[in-house]
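Colleague: When you get a sec, could you build the whole thing from the sequences and use the hints?
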Amino acid sequence: MNTDLVIVKYLKAVPPYNVGEIAGKSSEEAEKLVKGGFAEKVNDGKPKQAKAEK
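Counting the sequence shown from 1 gives a position; my numbering is that position plus 443.
Think of the hints as simulated: they come from the structure by calculation, not from any bench. Heads up, a few of these hints could be off.
To be verified - Subject to a maximum C-alpha distance of 16 Å in a straight line, what follows is the list of computed EDC-like cross-link-like pairs (lysine to aspartate or glutamate):
#1 K484 / E464
#2 K452 / E483
#3 K468 / E483
#4 K468 / D487
None of these values were measured; they are calculated from a predicted model.
Modeller: Okay, here's the thing in structure tokens:
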């Protein structure tokens with residue numbers, strides 16, 4: 444079972460998410476949201492890497 448999350452930003456309200464909110468979804472659910480026009484992938488769907496502290 445793949446547990447990697449795809450990061451999406453909602454373009455339309457999908458309860459409990461509002462427009463502009465960001466969430467991590469399974470790859471299957473993220474693809475459904477993107478294809479349906481409800482969300483877009485953020486950063487190619489990958490979490491941002493934290494910058495190392497100096």
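Colleague: A separate judgement is required for each hint: does it hold in the structure or not?
Modeller: Tested hints:
no.: 1; hint: K484 / E464; result: 12 Å, holds
no.: 2; hint: K452 / E483; result: 5 Å, holds
no.: 3; hint: K468 / E483; result: 12 Å, holds
no.: 4; hint: K468 / D487; result: 13 Å, holds
Of the hints listed earlier, there is not a single one the structure fails to meet.
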